[in-house]
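Taken in sequence, the protein lines are chains A and B. With the working numbering, you'll find the first sequence wraps up at 253, consecutive numbering, no jumps. With the working numbering, you'll find the second sequence wraps up at 260, consecutive numbering, no jumps.
Warning: the hint list may mix true and false statements.
To be verified - The calculated BS3-like cross-link candidates involving lysine-lysine, where the alpha carbons are at most 27 Å apart (straight line), are:
(1) A/35 <-> A/171
(2) A/57 <-> B/230
(3) A/47 <-> B/230
(4) B/230 <-> B/8
(5) A/75 <-> A/35
(6) A/171 <-> A/75
(7) A/35 <-> A/57
(8) B/223 <-> A/57
(9) A/200 <-> A/47
Unchecked claim - Residues from chain B that face chain A, not an exhaustive set, calculated with beta carbons under 7 Å:
(10) 71
(11) 72
(12) 123
(13) 129
Source of the hints: derived by calculation from the structure; they are not laboratory data. For every residue, glycine included, the Cβ atom is placed at its ideal position computed from N, Cα and C.
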Amino acid sequence: MKGDRNISHPDIVLQIKDLYKSFGDNHVLNGFNMKLYKGENLVIMGKSGSGKSVMIKCLVGLMQADSGLISVMGKDITTLTQEALDILRADIGFLFQGSALYDSMTVRENLEFPLRRHSKKKHKDSNTEALVLEALTNVGLAHAIDLMPSELSGGMKRRVALARTLILQPKIILYDEPTSGLDPITAKEIIILMQDVQKKYNTSSLIITHDVDCARVISDRMLLLIDGIDYAVGTYTALSTSEDPKIKAFFKH
Amino acid sequence: MSGISKIKDRLQVFLIELGDISYFTGRFFKEVFKRPFEIKELLRQCYNMGNRSLLLVGITCFIIGLVLDLQTRPTLMEFGAVSWMPSMVSISIVREIGPIITALVCAGRIGSSIGAELGSMRVTEQIDAMEVSGTNPFKYLVVTRVLAVTLMLPLLVIIGDAIALFGSFLVENLKGNVSFTLYFNQVFDSIEFGDIIPATIKSFFFGLAIGIVGCYKGYYCAKGTEGVGKAANSAVVVSSLLLFVIDFIAVFVTDIFYDL
């Protein structure tokens with residue numbers, strides 16, 4: 001299903017076209033399509049097991065799609081070499097659901113790790129220190145710089161993970177369930193932080209969530225992933241007032 | 001499912017896994033010579049694997065030395081050959097018992113720890129996080145660990161051999177009143193380079209096998225805590241079995257060289 005490969009719309013930073021992915025007889029994605037525009041927050045919602053995480057992993061090259069086009073800032077990642085993909089990955093930040101902090105390293109080392117090792121964005125030691133401090137200050141955790149991940153609360157871990165994501169100054173940030181497992185107050189703080197980050201760094205964000213409140217506050221547009229396809233796309237207001245029973249089911253409280 | 005098709009399926013799974021491990025090993029040799037070299041992490045792993053295994057290896061080898069001497073002594077006394085004890089014990093320890101016992105202890109101590117550590121990193125998406133930030137997790141996690149265990153094992157074997165010989169000397173000293181100088185003079189008279197070199201080369205391969213199997217099992221660990229347990233367990237089982245296969249091949253090859 002590899003169709004039109006010429007994606008040159010200047011405002012589209014990320015595009016998926018006809019994405020298919022199956023695991024044996026389980027067809028998870030059945031021709032999924034999506035566009036993310038520059039500076040926008042796109043929220044993707046779907047039931048558990050609907051393929052949201054598979055889609056986001058295909059998007060960063062952690063998983064190989066069966067077919068389809070995945071374009072990040074005009075580059076089709078399915079045709080890139082590993083080296084080119086690694087360079088492109090510096091422009092994509094990924095906030096994992098469980099934070100995925102390196103638990104044998106301190107907060108400082110967690111942030112230094114991508115900075116020291118990424119081939120495109122290597123910095124001098126003095127610069128590294130300043131960048132680490134700046135990223136931690138932006139998430140309000142400069143005081144936790146020498147703590148181990150095991151000493152942090154769930155909300156703090158999520159903030160450190162966001163700081164680690166920001167340190168390479170990505171143009172696109174992918175959030176995988178950013179508020180899951182957090183209490184409502186901390187979840188709200190994370191949402192505010194995400195908005196602040198978007199304003200400050202002018203990033204485009206793709207947010208996967210089950211949290212309707214998070215979607216309402218943060219989304220410019222929403223996409224509902226149902227039966228492996230982009231079932232509905234629109235603003236929160238448009239979708240939440242839809243009469244379609246499949247769409248309505250997402251907004252029932 | 002019939003017996004034959006079950007065997008066929010298992011054989012297929014085994015061959016697929018063998019292919020995967022071979023590819024993994026190939027990738028290790030490809031990455032090991034590539035820059036950047038993770039020297040700091042390599043030294044940290046060497047410390048973790050070498051220093052922290054030392055006590056366990058030391059105690060095991062000391063007991064093996066004592067037991068070997070105690071059990072062999074009565075038989076040698078029967079033939080009036082007890083003076084041959086240092087030579088016999090040293091050759092057995094240096095050629096075979098020291099390397100294989102140390103390697104088995106390390107397969108349990110280091111293999112399981114690598115399998116569990118990388119397995120839990122895989123399950124908690126830490127390896128994925130490294131990958132999406134454009135760094136090379138294979139280089140940082142796998143190459144350093146495999147290299148560390150490959151370098152540390154021969155050192156542990158040498159130290160283990162010395163401790164085992166000391167254990168044997170204690171028995172000889174207590175039971176036969178043999179002095180330290182006499183015992184170790186006989187030991188060094190009977191050991192040749194032909195005993196030490198093949199044992200040291202063999203130890204490198206033991207270390208490589210423990211590192212590769214542990215890392216492979218952890219790196220491709222299945223999701224969930226059960227996956228981590230399985231990774232740690234199979235790292236020990238597979239590497240222990242592999243040690244005996246490597247040992248057999250090493251003895252076989254050494255024997256050919258001796259015959260030449």
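Results for each hint:
1. A/35 <-> A/171: holds (15 Å)
2. A/57 <-> B/230: It holds: about 25 Å lies between the C-alpha atoms, which stays within 27 Å.
3. A/47 <-> B/230: violated (30 Å)
4. B/230 <-> B/8: Between residue 230 of chain B and residue 8 of chain B the Cα gap is close to 23 Å, so the pair holds against 27 Å.
5. A/75 <-> A/35: The given pair, whose Cα atoms are some 14 Å apart, holds under the 27 Å limit.
6. A/171 <-> A/75: holds (14 Å)
7. A/35 <-> A/57: Roughly 16 Å between the alpha carbons, so the hint for residue 35 of chain A and residue 57 of chain A holds.
8. B/223 <-> A/57: Distance ~15 Å between residue 223 of chain B and residue 57 of chain A Cα, so the pair holds.
9. A/200 <-> A/47: Violated - the C-alpha atoms of residue 47 of chain A and residue 200 of chain A are around 32 Å apart, more than 27 Å.
10. 71: violated (43 Å)
11. 72: violated (45 Å)
12. 123: violated (9 Å)
13. 129: This hint holds: residue 129 of chain B lies near chain A, its Cβ roughly 4 Å from the closest one there, short of 7 Å.
Hints 3, 9, 10, 11 and 12 from the earlier list are contradicted by this structure; the remaining hints agree with it.
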